[in-house]
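Could you put the whole structure together from the sequences, leaning on the hints where they help?
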Amino acid sequence: MTEEHIVEAIRRHLDREGKLSCAAAFRVVEELGVEPLEVGRAADDIGVRLSRCQLGLFGYGPKAEGRHKVVKPAEVVEPGVAQAIRDGLRDGGLSCEAAWEIAGVLRVSRMDVAAAAEALGVKIVRCQLGAF
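Be aware that the sequence shown starts at 89, since it is given in the numbering used here, and climbs by one per residue.
Be aware that one or more of the hints could be misleading.
Listed next, the in silico EDC-like pairs over lysine to aspartate or glutamate satisfying Cα-Cα at most 16 Å (straight line) [as the list claims (entries may be wrong)]: (1) 107 <-> 96; (2) 157 <-> 200; (3) 211 <-> 179.
None of these hints come from the bench; they were simulated from the model.
This is the structure:
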């Protein structure tokens with residue numbers, strides 16, 4: 089798959105503001121059978137900003153105003169979720185991919201996993217799209 093094909097698909101999935109949401113980026117991944125990082129890099133190469141992270145970590149408003157991130161620490165963290173997060177830690181952080189896997193296995197939302205990680209003081213690292 090050439091970057092040109094990826095760029096064409098990205099352009100088809102842009103929102104009204106010309107941004108590519110995380111969910112739309114992953115639709116491109118599925119449609120083309122490419123790696124998420126390829127989509128993230130192609131978006132970056134053409135100056136398209138990623139938005140609406142499915143973990144709630146970025147892309148929801150101006151960072152300067154502190155509105156870029158919507159995830160908040162969970163008030164209560166289920167023991168199974170807490171253990172899965174601890175088990176998924178690598179070099180002190182939980183990768184975005186591991187957070188998604190935990191959500192899928194435990195049948196909870198990705199945002200719930202991110203909220204639990206926030207409550208536990210665990211930083212989510214290595215965005216699959218390369219945003220962080």
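For each hint, the structure was consulted:
| no. | hint | result |
| --- | --- | --- |
| 1 | 107 <-> 96 | 14 Å, holds |
| 2 | 157 <-> 200 | 14 Å, holds |
| 3 | 211 <-> 179 | 11 Å, holds |
Figure legend: structure checked against the earlier numbered hints; every hint is met.
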